[in-house]
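Peer 1: Let's have the full structure, built from the sequences with the hints guiding it.
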Amino acid sequence: MAPPIDYETLRVIWWALMGVLLIGFALTDGFDLGVASLLPFVAKTDEERRMVINSVGATWEGNQVWFILGGGAIFAAWPFVYAVSFSGFYLAMFLVLAALILRPVGFKYRSKKPDPAWRSRWDWALFVGGFVPALVFGVAVGNVLAGVPFRLDGDLRSFYEGTLLGLFHHFSLLAGLLSVAMLVLHGSAWLAIKIERGAVHDRAKSFGQIAAVLAILLFAAGGVMVATMNMGFRTEGAVDPMGPSNPHLSTLVAARGAWLANYGAHPWMLLAPVLGFLGPVMALIGIRSKREVLAFGGSSFAAIGIISTVGLSMFPFILPSSIDPGSSLTVWNASSSHLTLFIMLLVTLVFLPIVLLYTAWVYKVLFGRVTTQDVRTNPDYY
Amino acid sequence: MVDMAVIELSRLQFALTALYHFLFVPLTLGLSFMLVIMESIYVMTDRPIWRVVTRFWAKLFAINFVLGVATGITMEFEFGTNWSYFSHYVGDIFGAPLAIEGLMAFFLEATFVGLMFFGWDKLSKRQHLFTTFMVALGSNLSALWILVANGWMQHPTGSHFNPETMRMEVTDFMAVLFNPVAQAKFVHTVSAGYVCASVFVLGVSSWYILKGKWVAVAKRSFTVAAAFGLASSLSVVVLGDESGYALTDNQKMKLASLEAMWHTEPAPAGIAIFGIPSMEGRETRYEIKIPYVLGLISTRSLTGEVSGINELVVKAETRIESGIKAYDAVEKLKVDRTDLVARAQFEQHKLDLGYAMLLKRFMPDPRSATPADIQKAAWTTVPNVPVMFWLFRVMAGLGFFFIAFFGAAFYIASIRRFGSSDGFFRLFMRTAVWIIPLPWLAIEFGWVLAEIGRQPWAIEGVLPTFLGASSLTVPQIWTTIIGFTLLYGALAVIEVRLMLAAIRHGPIEHHDGPDAPLHHGYAPLPAE
Numbered sequence: 050m051a052p053p054i055d056y057e058t059l060r061v062i063w064w065a066l067m068g069v070l071l072i073g074f075a076l077t078d079g080f081d082l083g084v085a086s087l088l089p090f091v092a093k094t095d096e097e098r099r100m101v102i103n104s105v106g107a108t109w110e111g112n113q114v115w116f117i118l119g120g121g122a123i124f125a126a127w128p129f130v131y132a133v134s135f136s137g138f139y140l141a142m143f144l145v146l147a148a149l150i151l152r153p154v155g156f157k158y159r160s161k162k163p164d165p166a167w168r169s170r171w172d173w174a175l176f177v178g179g180f181v182p183a184l185v186f187g188v189a190v191g192n193v194l195a196g197v198p199f200r201l202d203g204d205l206r207s208f209y210e211g212t213l214l215g216l217f218h219h220f221s222l223l224a225g226l227l228s229v230a231m232l233v234l235h236g237s238a239w240l241a242i243k244i245e246r247g248a249v250h251d252r253a254k255s256f257g258q259i260a261a262v263l264a265i266l267l268f269a270a271g272g273v274m275v276a277t278m279n280m281g282f283r284t285e286g287a288v289d290p291m292g293p294s295n296p297h298l299s300t301l302v303a304a305r306g307a308w309l310a311n312y313g314a315h316p317w318m319l320l321a322p323v324l325g326f327l328g329p330v331m332a333l334i335g336i337r338s339k340r341e342v343l344a345f346g347g348s349s350f351a352a353i354g355i356i357s358t359v360g361l362s363m364f365p366f367i368l369p370s371s372i373d374p375g376s377s378l379t380v381w382n383a384s385s386s387h388l389t390l391f392i393m394l395l396v397t398l399v400f401l402p403i404v405l406l407y408t409a410w411v412y413k414v415l416f417g418r419v420t421t422q423d424v425r426t427n428p429d430y431y
Numbered sequence: 468m469v470d471m472a473v474i475e476l477s478r479l480q481f482a483l484t485a486l487y488h489f490l491f492v493p494l495t496l497g498l499s500f501m502l503v504i505m506e507s508i509y510v511m512t513d514r515p516i517w518r519v520v521t522r523f524w525a526k527l528f529a530i531n532f533v534l535g536v537a538t539g540i541t542m543e544f545e546f547g548t549n550w551s552y553f554s555h556y557v558g559d560i561f562g563a564p565l566a567i568e569g570l571m572a573f574f575l576e577a578t579f580v581g582l583m584f585f586g587w588d589k590l591s592k593r594q595h596l597f598t599t600f601m602v603a604l605g606s607n608l609s610a611l612w613i614l615v616a617n618g619w620m621q622h623p624t625g626s627h628f629n630p631e632t633m634r635m636e637v638t639d640f641m642a643v644l645f646n647p648v649a650q651a652k653f654v655h656t657v658s659a660g661y662v663c664a665s666v667f668v669l670g671v672s673s674w675y676i677l678k679g680k681w682v683a684v685a686k687r688s689f690t691v692a693a694a695f696g697l698a699s700s701l702s703v704v705v706l707g708d709e710s711g712y713a714l715t716d717n718q719k720m721k722l723a724s725l726e727a728m729w730h731t732e733p734a735p736a737g738i739a740i741f742g743i744p745s746m747e748g749r750e751t752r753y754e755i756k757i758p759y760v761l762g763l764i765s766t767r768s769l770t771g772e773v774s775g776i777n778e779l780v781v782k783a784e785t786r787i788e789s790g791i792k793a794y795d796a797v798e799k800l801k802v803d804r805t806d807l808v809a810r811a812q813f814e815q816h817k818l819d820l821g822y823a824m825l826l827k828r829f830m831p832d833p834r835s836a837t838p839a840d841i842q843k844a845a846w847t848t849v850p851n852v853p854v855m856f857w858l859f860r861v862m863a864g865l866g867f868f869f870i871a872f873f874g875a876a877f878y879i880a881s882i883r884r885f886g887s888s889d890g891f892f893r894l895f896m897r898t899a900v901w902i903i904p905l906p907w908l909a910i911e912f913g914w915v916l917a918e919i920g921r922q923p924w925a926i927e928g929v930l931p932t933f934l935g936a937s938s939l940t941v942p943q944i945w946t947t948i949i950g951f952t953l954l955y956g957a958l959a960v961i962e963v964r965l966m967l968a969a970i971r972h973g974p975i976e977h978h979d980g981p982d983a984p985l986h987h988g989y990a991p992l993p994a995e
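Top line first, the protein sequences correspond to chains V and P.
In terms of the numbering used here, the first sequence is residues 50 to 431.
In terms of the numbering used here, the second sequence is residues 468 to 995.
Since the hints were derived computationally from the structure, they do not count as laboratory data.
Watch out, some of these pointers could steer you wrong.
Under the rule of at most 27 Å between Cα atoms (straight-line distance), these lysine-lysine pairs were calculated in the BS3-like manner [stated by the list, open to error]:
1. P:K526 with P:K678
2. P:K680 with V:K162
3. P:K782 with P:K719
4. V:K161 with P:K827
5. P:K526 with V:K162
6. P:K817 with P:K719
7. P:K686 with P:K592
8. P:K799 with P:K756
9. P:K799 with V:K161
10. V:K413 with P:K589
11. P:K592 with V:K413
12. V:K254 with V:K413
13. P:K686 with P:K719
14. V:K161 with P:K589
15. P:K526 with P:K589
16. P:K799 with P:K817
17. P:K782 with V:K161
18. P:K843 with P:K782
19. V:K162 with P:K843
20. P:K719 with P:K843
21. P:K792 with V:K162
22. P:K801 with P:K756
23. P:K526 with P:K686
24. P:K801 with P:K817
25. V:K339 with V:K162
26. V:K93 with V:K161
27. V:K339 with V:K254
28. V:K254 with V:K93
29. P:K792 with P:K843
30. V:K413 with P:K801
31. P:K526 with P:K680
32. P:K719 with P:K792
Computed beta-carbon distance windows for the label pairs [stated by the list, open to error]:
33. P:P647 with V:K93: 57 to 67 Å
34. V:P402 with P:P647: 25 to 35 Å
35. V:T212 with P:K680: 49 to 59 Å
36. P:E475 with V:I372: 43 to 53 Å
37. V:T212 with P:S745: 42 to 52 Å
38. V:P53 with P:G864: 48 to 58 Å
Backbone N, C-alpha and C fix where the C-beta goes; we use that ideal spot for every residue, glycine too.
Peer 2: Structure, rendered in structure tokens:
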């Protein structure tokens, strides 16, 4: 049975869906990570910290599934990308996993004992669980843009020739900080919506303003670095977008400045970086004018714009190789089979809307600001 | 050639993280449905005591649940980090159930679980019951998709090797989905989870009854656990037998090795209840057998033969010989995609390609194998027989024990003599407390049995385990093994302490101290 949608279209759809899942993750679990990164700073007393924790306590678990699903979807639709990137970034992945493992436990166990030392330890564990993944995700994206040192042998087995410390260079650190700024902005916008007005609310807004300004500056600096450093790859000769997923069948080369070429060829793509700048500006205006929903919308647009910019700049590349450009993974050589992409699309079209529906219902039930009164009296709160 | 140290360490890490993850999952699977039962009784009878019962077990559920979630993240990413060639080689098929698990099951479970804990005063009774049910449904569907993935590793149906992409690709998704091995494994595994949760609830309730504390809650919980446990323990044994129904060569090998049956016997074969299997001597000493039983169970007939290890090894030799021809054809197709002769040769032998790869353990190119090499490689298809033999006996023995145990519990619950000072009842209650760890033992043994029994394959007949690992270094893997061990070890200690504290604390509800006011106008514990 041949699927009714051609292979090339399905590959582009799945490339876009990978972006949708990443953005879904940034928009939902992104504010959880931001809130956790802010926890020790916006909240001083135990009651304040419990308010912050409970502002995401009931929903972070569902939000985290965007991350798990992102992993699963990349495995199913882009098995090459899943295999090469996760094994290549081995120790960095371990850091992220260890941090993310602390998070659920931190939420659930922190308030089980009244001991202040116990609670303080878990507060810092939650900080690590928010800050480390936010930083490492950005660092990873920075490395992907710069090219990753891997090569594929004749059996398409991947060999990675970098080190953990090698992942941290100027550009990737900048990308990591941008990711932190973006998610802290989103987290503070969430706190502004979800926490009753008072000390925590005010501190969250101050941090949000700093994060918004930093996001604008770091995003601009990143753009300058991409333009001036020896960054970018392009395809050479004929590429068969319907061809088998085997990188050895296409010719790919490193090309200085190639990451900006797409914007010349398709000016509509400029929408993404523009959104990446307008989002933080909108968030800043929202925070200053006490319009919290506007601020949250701004921080959401910031995440959408910044993540889309990365994806569009690199298209059709997904994971370029810095030591052997011919091994680079692209939309045309790294996907699952035609049939798998089609089946997975059907499954997604059926279930993603259902997920969005019940997620919306859960948020609606839990609507409203967390108050001091809540954490004092509700026995179900963390 | 492959670095076996990397392979063994990767296997060790996967086993450690999977076994650890699976300490929490079975309790989640079972307790979530028991919460549904308890809360349904609350909604139907409207008696506040059932609300107390539900909320108490939900509190224990929560402590356990987070660690299941936390350690599950590792599993989702470990295929990529440590088994990257495996991920590339079978991601086209294997990735799909994992992605669907996230989309269909884990989202459901994780989105509703927060509402289940936080929504008591925000939802109507029925809405809250619905929420609890969605959590139970989500966690059990999650197990379904994971076992569809695992079932495909045991019985890789609906797929073929594509020489153009050098990997396995799906040909029939329905065959992957309705894989009989996956279905059998799913019902067996979730039933085991139900038994585990029932033993837990029964044990904790018995402890309360023995101590004379929270008896009203304990009696009701005991009754639910006794009934749910009896049904589940019957189903786990009956459906476990379904998993023993051998379909493929590898499963025949698994069956032969867990029975330590070195030679094919005339039908119907007998089942060994005792023996000392020896890998070196390739024989089983001091064997005590019950005639007919094995033949009946595994072939469902009086005339079906159960193959012995020696005969299966001879069969593996011929498959390796055929596989070398497939391997040769793939190498030719790598050079010239249009080589029609090589294409025809590949089509003829492709089902045995994986068998040729067993030789890669001994040489880089399987085509240079001598008959002695082939024989040596064929013997690697035999898993560790003594380990299989004993793990199976302990697991199955525990399975039968649980049926008897829940039979007794059900009897006690039916005649309602919980508080009796009669020696039998007190002895039973004390036993119920002490055997709480046993279902975990049976479940972990079951996992080891299933996965050791699949060796040397990662994907049965398709990809040997030693080829599946990532190209990592020994120090890298030691770093993560030590890291996971320290982190998981610390969390295990904290989890058990909190669990024990919550059990000791009992179903009384207060937040920051005994003086805090009671909430929502209901008494925490209605009088008897």
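Peer 1: So which hints don't hold here, by number, going up?
Peer 2: Hints 4, 8, 9, 13, 17, 19, 21, 22, 25, 30 and 36 not satisfied by this model.
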